[in-house]
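*Asks:* Work the whole structure out from these sequences, hints included.
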Amino acid sequence: MTADNKVSGASQKTDPGRFFEHFRIGEVIRHATPRTITTGDVALYTALYGPRFAVQSSDEFARGVGYARSPVDDLLVFHVVFGKTVPDISLNAVANLGYAEGRFLRPVYPGDTISTVSEVIGLKENSNRKTGVVYVRSTGFNQNGDPVLEYVRWVMVRKADEAAAPTGEHVPQLGKAVAATDLGGAVPSLNVGAWSNELAGSRYRFDDYQVGERIDHVDGMTVEEAEQQIATRLYQNTAKVHFDGHAAKDTRFGKRLIYGGVVISLARALSFNGLGNAFHVAAINGGRHVAPLFSGDTVYAWTEVLDKAEVPGRADVGALRLRTIATKNQPCAAHPYKVGDDTDPSVILDFDYWVLVVR
Amino acid sequence: MTADNKVSGASQKTDPGRFFEHFRIGEVIRHATPRTITTGDVALYTALYGPRFAVQSSDEFARGVGYARSPVDDLLVFHVVFGKTVPDISLNAVANLGYAEGRFLRPVYPGDTISTVSEVIGLKENSNRKTGVVYVRSTGFNQNGDPVLEYVRWVMVRKADEAAAPTGEHVPQLGKAVAATDLGGAVPSLNVGAWSNELAGSRYRFDDYQVGERIDHVDGMTVEEAEQQIATRLYQNTAKVHFDGHAAKDTRFGKRLIYGGVVISLARALSFNGLGNAFHVAAINGGRHVAPLFSGDTVYAWTEVLDKAEVPGRADVGALRLRTIATKNQPCAAHPYKVGDDTDPSVILDFDYWVLVVR
Amino acid sequence: MTADNKVSGASQKTDPGRFFEHFRIGEVIRHATPRTITTGDVALYTALYGPRFAVQSSDEFARGVGYARSPVDDLLVFHVVFGKTVPDISLNAVANLGYAEGRFLRPVYPGDTISTVSEVIGLKENSNRKTGVVYVRSTGFNQNGDPVLEYVRWVMVRKADEAAAPTGEHVPQLGKAVAATDLGGAVPSLNVGAWSNELAGSRYRFDDYQVGERIDHVDGMTVEEAEQQIATRLYQNTAKVHFDGHAAKDTRFGKRLIYGGVVISLARALSFNGLGNAFHVAAINGGRHVAPLFSGDTVYAWTEVLDKAEVPGRADVGALRLRTIATKNQPCAAHPYKVGDDTDPSVILDFDYWVLVVR
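Residue numbers (the numbering used here), protein chains in the order written: chain A, 1 to 359; chain B, 1 to 359; chain C, 1 to 359.
Some clues are possibly wrong.
Since the list gives no way to pick out one identical chain from another, each pair is judged satisfied if it fits inside one copy or across any two copies.
[Said to hold, decoys possible] Calculated lysine-lysine pairs in the DSS-like style (CA-CA distance at most 30 Å, straight line): (1) K130 x K308; (2) K338 x K13; (3) K130 x K255; (4) K159 x K308; (5) K13 x K130; (6) K13 x K176.
Hint data in this document are derived by calculation from the structure and do not stem from the laboratory.
This structure is a prediction, so every number in the text was calculated from the model and none was measured.
*Replies:* Dropping the structure here:
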C-alpha cells in the first residue's frame with residue numbers, strides 16, 4: 001500500500017450539494033434513496049416518541065375500523081419523504097423557513113417503498129446576495145407510483161459564488177390552509193361502530209371539540225443526543241448540524257441541533273393526552289421552527305383548535321384545524337405563546353395542521 | 001390566528017389519571033392502547049438488553065424444538081401489558097409496591113396484538129389519609145381474546161381530596177408462589193432431542209441445578225438515559241418520572257428514574273450467563289424495586305435457586321424457582337443481599353420467579 | 001426465603017471463556033446463539049449508522065436489479081456472525097489484532113437465521129508467556145447450512161495459568177487480499193439496465209474510479225454511549241469493555257470502549273458520499289483498529305482506491321479494492337494517514353476491502 005499525505009489523486013466524487021444559483025424554476029429533482037418502510041421502522045418510531053394512537057398501534061384495531069392493517073404514522077412518512085430531499089435541497093441551507101400545502105394522500109403500510117421527487121417552484125435571492133430562498137414542492141410516492149404525501153417547503157440556501165446571477169425569481173402564492181375538501185385521502189371509509197373509545201384512550205369525538213378550545217398536553221419529554229441522532233438517521237436525513245459534534249463546536253450554538261422533525265413528532269405524541277381520537281394528521285398548513293432545541297432540553301406542548309370542518313362526503317370523520325405550540329423547559333399550563341408582541345422565549349415550534357377525528 | 005396568553009377556552013380533556021378515591025373494588029378497567037408486537041419490537045428488545053436465549057433468538061431453533069417460530073420474550077410481553085395499565089392505575093402513584101401471582105399463559109408471537117384489562121381486587125387507605133394502596137389483577141389478551149399473561153400488582157396512589165372517604169377496604173390474600181401445576185401454559189410440548197446445548201450456549205439442564213445454589217452472573221451493564229427512555233416508550237408506558245428531566249430537577253432525586261422494568265430485563269439478560277437453558281420465565285411470584293436506578297449506574301445480578309419442581313405431565317421441562325438480586329455499581333461475586341438486618345445498599349431489585357429449564 | 005451473604009452453594013455455572021492454553025489447533029467450535037435477522041434489525045442498523053445504499057434500502061430497487069428483495073447490509077451480517085464468536089474466542093482477549101480472507105458468499109435476507117462456527121487455525125504464545133495469539137477462521141451459516149460469510153481473525157488472549165504449556169504452535173499464512181475470482185457470490189446477476197443513478201444517489205460507476213484516487217467522505221458522525229451499546233447488543237456481542245462503565249473506571253482508559261464494528265459501519269455509511277454505487281462489501285482483505293474510540297468522539301473517513309479488477313464472468317459489476325481510513329475528531333480533507341513514519345494520531349481504523357460497483 002502506498003498511502004501517504006499527498007493529495008494528488010484527490011477525487012471530486014463527493015456531492016457538495018446544490019447552492020442557490022444552481023436551482024432553476026421548474027426543475028424536477030428525483031431524489032435518492034428509495035426506502036422500504038417496515039415494522040422495524042414503526043417500532044423505532046414508537047420507541048423514540050411514544051405515540052399511542054390506536055389505529056397506528058394495533059393491526060386489530062385498524063382492521064376493525066376499516067384499514068388493511070395499521071398504517072405507518074403520518075409523521076414517520078413525512079420525515080422519510082423529507083429526509084430524501086436534504087442532500088439535494090438543503091445541504092447548504094442556512095435555515096429551514098417554513099412548510100405549506102402539505103397533504104397526506106394515501107395510507108402507507110409497512111412494506112411500502114417510498115421515494116421523493118421535488119419541483120423547484122420559486123426562487124428569491126436575498127438582498128445581501130449571499131443567500132437566497134428556494135421553494136420546492138416535494139411529493140412522496142409509493143412503489144406503485146401513487147403519491148402519498150406532498151408539501152411545499154422553503155429554505156434559505158447559501159450561494160457558492162456571490163457574484164453569480166440568480167437563474168430566475170418567483171415567489172409562489174401559497175395557501176394559508178389546505179381546504180377541507182382536500183382532506184382524508186389517506187383514510188379509508190371508517191366503520192365508526194367498531195371504534196372503541198376505551199381502546200382508543202379518549203372519550204372525546206369530533207363534536208366534543210370547540211373552536212378556540214385550548215388543551216395543555218401536560219406531559220414533558222426530555223430529548224437525548226443519542227435519540228435525536230437515531231431518529232434522524234432512521235429518516236436517512238443527512239443534515240450535518242444534527243450529527244457532527246466536532247464541527248458544531250465552532251458554530252454559534254457550540255453543539256448539535258436537534259432535527260426539527262423530532263420536535264414535531266414529540267409534540268404530536270404528547271398531544272395524545274387530550275386528542276386521543278384525532279388519529280390522523282391530514283394536512284400541514286404551516287409550520288415554523290421558532291427556536292432550536294438541544295440535547296437535555298424538555299419538550300412540552302399545547303394545542304388550540306383554530307377551526308372545525310366537515311369533510312365533504314364523509315360522515316365518519318370530521319376535521320380539526322389545530323395549532324400546536326411546543327416549548328422547551330416550560331410547562332404549558334398557561335399556554336405560552338406571546339409575551340407582548342414577541343414570541344415567548346420558551347416556544348420552539350408553531351405548527352398549524354389538520355387532524356381527522358372520528359365522529 | 002388569535003392565540004395569546006389568555007386561558008379562556010382552556011380544555012379539561014387531558015386525562016389526569018385516577019386518584020385513590022376513584023377506584024372501586026370489583027371495577028374492571030379496559031385499558032388503551034392495543035399494541036401489535038412485531039419483529040421490530042423484538043429487535044429493539046434485543047438491542048436494549050442483549051438477551052441470548054436461543055428460543056427467542058432463532059426461528060429455526062424455536063421451530064426445531066416445537067414452537068411455531070421464536071416467541072416474543074416473556075418480559076417484553078410483561079412490559080407491554082404493564083405499560084397499558086399506567087395511565088389508568090399508576091399515573092398518580094407514589095410507589096409501585098409489589099407483584100404477585102404472575103403467570104405466562106400462552107406464547108406470544110410477532111404479529112399478535114396485545115390489550116390489557118385490570119380488575120381492582122383490593123383497596124386500603126393509609127393512615128395519613130393522603131394515599132392508599134390499590135391492588136389490581138391485570139390480564140393481557142391476544143387478538144383472539146385469549147389471556148397470555150396475568151399478574152397482580154399493588155401500588156400506592158395519591159388521593160385527590162384528603163377528605164374523600166375510601167370507596168371500600170379489602171386486602172387480598174396473595175399466594176407466596178405460583179404452584180408448579182400452574183406453570184408452562186406458554187410453552188408447547190418440546191422436542192427435547194432437538195435441543196442443542198451448544199447452540200443454546202449452556203451445558204446445564206434442569207437436573208444440574210440444586211436448591212440453594214447461587215450463581216454470580218458476572219457481567220455488568222451500564223444504563224444510559226436514552227436507552228431507558230427508548231425502552232419505556234417502546235412499552236407505551238407514560239409514567240412521567242422516566243421522561244421529564246425538567247420536572248425531575250425539583251424531585252428528591254433531582255433526575256429521571258429508570259423504569260423498573262428495565263432493571264428486570266437487564267437482570268434476566270445477564271442471567272443467561274449461568275442459566276442459558278432456562279429459556280422461559282413462567283411465573284412471577286414476587287418482585288420489589290428495592291432502590292432506584294439512575295442513568296450512568298451499572299447493573300449486576302446474581303441468582304439463588306430457591307426451589308425445584310416437576311411440572312405435572314411434562315417430561316420435557318422442569319421448573320426452577322429463582323431469586324434474582326440486581327445491584328448497582330457493585331459486582332456480585334459475594335452475592336450481596338443483606339448487611340445485618342438491612343438490605344445491602346447496592347441492591348435495587350429482589351425478584352422471585354419461576355423459570356422453565358429443558359431436561 | 002433464606003438468602004444471606006454466605007457464599008456456600010456458589011455455582012461454577014458461569015462461563016469464564018477460554019484462555020490461551022485452552023485452544024487447540026484444528027478445534028472446531030460451534031457457537032451459541034443462532035439469530036434470525038429481521039427487518040427490525042435492519043431498521044436499527046439504518047438508525048444507528050445512516051446507510052443510504054439503494055439496494056439495501058429499497059425492496060423495489062433490489063428486485064428491479066435482480067435480488068429477491070433488499071438483502072441485509074453486509075456489515076450487519078458481519079457483526080452478527082462476529083458477535084457469536086466473542087463468548088468462545090475473545091472473552092479473555094487483550095486485543096483484537098486483525099482480520100483477513102473475509103468473503104461474503106451468499107446474500108442474507110430478513111428472515112434468515114445465522115449461526116457461526118469457528119476453526120482454530122493457528123496459535124502462537126507470546127514471549128512473556130502471559131498471553132498468546134489465537135487465529136480462527138469463522139464461518140457464518142444460514143438456516144439451510146449454506147455459508148454466507150467467512151473470515152479469519154486473530155486476537156491476543158490471556159493465559160489462565162502462565163505456567164501452562166501451549167497446546168501447539170502454528171502461524172497460518174494468510175492472503176494479502178482476496179482474489180477477484182473469489183468475489184461476488186453474494187450478488188445475483190444484475191439487470192444493469194434497471195439501475196438508476198438518480199435513485200442510487202451517485203453518477204459514478206465502475207469505470208469512473210481510478211487506482212490511486214482518494215475520496216474525502218466529508219461528513220462526520222459523533223458517537224454516543226447509548227448508540228454503541230444498542231448497536232453492540234444488537235449483535236449479541238458480549239465483550240464487557242463496551243458495557244460495564246463501573247469496571248471501566250479502573251482501566252487505563254477509564255471509560256467504555258466503542259466496539260470496533262461501530263467504526264467500520266460508520267465509515268462504510270459515510271463512504272456513501274463518493275461511493276454511492278459501491279453497493280456491496282464483497283471481501284475484507286485486512287483491518288486494524290489503530291486506536292480506540294470513545295463516546296463523544298466524531299468519526300470521519302476517507303478512502304483510497306488501491307486496485308481495480310474485473311470479476312471473472314461478470315459484465316454487471318466490477319471490483320474496487322479500497323482502503324478506508326477512519327479518524328476521530330479530525331476531518332479528512334487532507335487524507336490523514338501517516339505523520340512521518342508514524343500513524344497520524346487521529347487515525348482509528350485502517351480497513352482494506354473489496355467492494356462491487358455497478359458497471
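*Asks:* All hints, please: hold or fail.
*Replies:* Each hint, compared with the structure:
For the homomeric pair K130 and K308, neither the shortest alpha-carbon distance inside one copy (43 Å) nor that between copies (42 Å) is at most 30 Å. Taking the shortest Cα distances, K338 and K13 sit within 30 Å of each other only across copies (23 Å), while inside one copy they are farther apart (48 Å). Taking the shortest Cα distances, K130 and K255 sit within 30 Å of each other inside one copy (24 Å), while across copies they are farther apart (45 Å). With identical chains, the CA atoms of K159 and K308 are never at most 30 Å apart, being 43 Å at best within one copy and 37 Å at best between copies.
For the homomeric pair K13 and K130, the shortest alpha-carbon distance inside one copy (25 Å) is at most 30 Å, but the shortest distance between copies (49 Å) is not. For the identical chains of this complex, K13 and K176 are inter-copy neighbours only, at 28 Å across copies versus 41 Å inside a copy, given an alpha-carbon limit of 30 Å.
The structure fails hints 1, 4 (numbered hints given earlier, in ascending order).
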